[in-house]
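S.K.: Next come the chains, spelled out residue by residue.
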Amino acid sequence: MVALSFVAAACGDDDETTDATDAPAATDAPDATDAPDATDAPDATDAPDTPDATDAPETTMGDMGGEYGLIDGMYMGAGDFSLDPADCPEDWDPMQGITDDEIKLFTSLPTSGPLAGFGLIADGAKSYFQYINDNGGIDGRNIVVDVKDDGYAPDQTKTNVDEAIGAGEYASLFVTLGTPNNLAVWDTTNDECMPHLLNGTGAAQWGDVENHPWTTGMQIDYFTEAQLWAAWLLKEHPDLTKVAMITFNNDFGKSYSNGFKAYIEGTDLEVVAEELHEPTAPNLTNQFTSLAASEADVLLIQTSGAFCTQAMGEVEKGSWEPLVIMSATCGSLSQFFQPLVDQGLTGAGTHIIQTFKDVNDPAYADDEFVQLYHETVDAQGLDSTQSTYATGWIFAFYMTEILKLASTYEGGLDRGNIMLAARAIDTLMPLLLDGLSATMDGMNDAYLTEGGQMAQYQVEDPGALGTFVKVGDLIDNEGQLGTYATVAEIG
Amino acid sequence: MAMVTLQEGSPKHRAYVIGAWVLAAAVLLYVPFASDIGFAPASIDKAFRVTQLNDVIAYAVAILGLNLVIGYSGQLSLGHSAFVGLGAYTTIILVSDHGWSYFATLPISAALCFSVGVIVGVPALRIRGLYLAIVTLSVAYVFPTLVLKYESLTGGPNGKKPARGEGKLEPPSWAPFSDAGRLAQPLWTYCLLLGVAAVLFVLARNFLKSRPGRALVALRDNPTSAAINGVNLPLYKTMTFGVSAAYGGIAGSMLMMNRPFASDVQFALDLAIFLVVGLVVGGAGTISGAIPGSLVFVFVPYFMSEWTNDQEGMPPGLKQITSPLFDWLETRQGGRSIAGVFFGIGLLIFVFLLPGGFIDGMRKLRARVVRVVPNPSWRRDAAAKTAAPAAIETDAAAPVPNPTH
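Heads up: the protein sequence lines correspond to chains E and L, in order.
Okay, so the first sequence: first residue is 0 according to numbering that gives the first Met the number 0, each after it adds one.
Okay, so the second sequence: first residue is 0 according to numbering that gives the first Met the number 0, each after it adds one.
Source of the hints: derived by calculation from the structure; they are not laboratory data.
Possibly wrong hints are sitting among the right ones.
[What the hints assert, rightly or not] If we take Cβ atoms under 10 Å as the criterion, some of the chain L residues that face chain E in the derived model are:
1) 220
2) 262
3) 303
4) 307
Here a beta-carbon is modelled for each residue, glycine too, at the ideal position from N, C-alpha and C.
Isolated chain E (complex conformation):
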């Protein structure tokens, strides 16, 4: 979870600020241990089965190979999703990057510069693919990933992706990192019919199946995250109705704002105050003076980076005592809560949505997949407590499932079928919080995960970091958002 929030934080961060130093560093391994869910240990027997690379994936679509795939010259997929190879460039090769013993993937992410920490996602993904390859690969094909560094600069991402497309060696892109970075390339990838899968960012745009059928995301999007907040508030705190927002004045912040407002229409919840702030704001004091005057019951912190810390600090110092919900991009304890501790504050009581298990959480020590992760990664000479590797495993897991599913389609494994499979997977990722699901359904559901668990930050010793504790039930809005068209309509 924390590892994933790293990704989210990076995307969020860069969405709002040019101050790269705010971004979490991946060498921050202790973070991962910061957020154990000690109070709610899951029963180990409930844990999902360890995926066995040689087994067929547990998918609903997996045994429907006859229905989907390349049929009469058209790629026909689940949920009325189809692709016409005639729309692709003349030299489009469905078998590009796929040979009898290899499947070549490409990713562009920062492996140098201030955000180099996210490069570890690629190492984590390679680690999982290594594990899959050691266990027979995808029908004997090894998965190979080529990584290029973009230093988190969108123009460099574009350069890298253009080069990769021009090289004509890759079957698919995967886990390309950053919102602006992916926006810079998605027109090209779609024009070139290059599968552009599992983007490492939480922007809602990756569900734009109508206009960008070749692009998909992976993590929960900011729009949905805000809707989970609303759902949770309505259920757990029906008495709290007045909501105040502090919002980053850009796409990222407004995504939260729009998602929340869209969900609360017709409910008792009401936004009574919203303050925007610019990425250059030195502090949020003015905004909080106005917000506190509204005497709202709930405060939504729809920002990222150092602003999260400032916002929590403002609440704690003032006399206004709202219930606080904060962007999951600020989930890193050492990054965003430690500075509060240093100021004699705590941030206690702040709520955050979590989606994935923390591999370092003692509560999951018996989880089979968590054990497999630690054993495999350690055996490969990497440090498995670095939770960004686990994030890499999550991305690679989905990629592997997509490839397995595509192999079952009519016409076998090719790039068109990979794209169909990416929009049809329905596989339980073992690191997902128990009870959540991950489903794509063509034109009906373009978002993989749309659920999460609200957790509250609790502190026992004010001089030290506390932990996140689950509050309320898991909320799963799976399939409700549909596609980006829904989001675009709302604004």
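Starting from the known structure of chain E, arrange chain L on it as the hints suggest.
M.R.: Just chain L now, kept in the frame of chain E:
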């Protein structure tokens, strides 16, 4: 001692100069035909490599512009990323939102950047050296913030690009490479950028060889004596900033012709610093230095990062030497950041080996092979009268060779 001595203006010297130009032109003009001919060293028949060459051409123009200010007029400017960015955004906004053609935006970029450059040059009238550097640095610092501030115009953090499928530079049908598939567009851009750059280089050369150019150098070497000799210091200082900024702006527009996408990070402080690095590597105070400077700027970080992620493409010797290091780094978290360290070390070594920059180094090397003897006009007259130029060509007591551009 040089192996060959040439007298300036002699037929042999002319042949030498023309030969060098023809060779350079042949190399540049070979690129579009490489894939047809079938001989393509360094993958110059690949679209991405041609795109990189286009970057080299554009950045060469930016470095040339910077050289006018730093190398010739001796004023330290660290704000050039802002001018390149301003030019780039001018072009991309006009093309994306107003349907202009790329070429039509070039004069607008140049004029806009010239005006802003003149304004930025005004502080140079009162302050010098490091203080001026700080003023210009603030320009570089502010530019990305402005891009984010005026999001509706610039696209903000998501960057600015033409609508899907638009804003492409399609080659005309008569171009020999119009049917070259993926290569066609980069090659056409290459030809266009090469043309623009050639004009700008010739203009800069003529400018510097003329009276204003000499005034600039005088201003750099000794402002007081320049003023005494009638050089209008305020005018020249601000005009140099303006012209230099215009070059930067055109470079930005050229970058957009090559890759129609602008983002704030692309024109941040790093670019300002790296342009100065490119300038120093190529050689301050030289026109041609912009080319090696730009090559280093584009290719060295590229290959550093390429090789740290995948050692396959490394030259054989280097691969053997570095493989233990990379094996060790393989399991180290963030080990790939080493690319930046290599770049730093490479620059250090470079500065020690070629303190005057690449062009200076090449000239020293050339001086060991070819010596060009100047031909003062009185001697030329004398030579014409006596019709014995050969005697001078082998004159051992000839003056110290004078390197020419």
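S.K.: With reference to the structure, classify each hint as holding or not holding.
M.R.: Quick rundown of the hints versus the structure:
no., hint, verdict
1, 220, "39 Å, violated"
2, 262, "4 Å, holds"
3, 303, "9 Å, holds"
4, 307, "8 Å, holds"
In terms of the numbered hints stated before, the structure departs from hint 1 and from no other.
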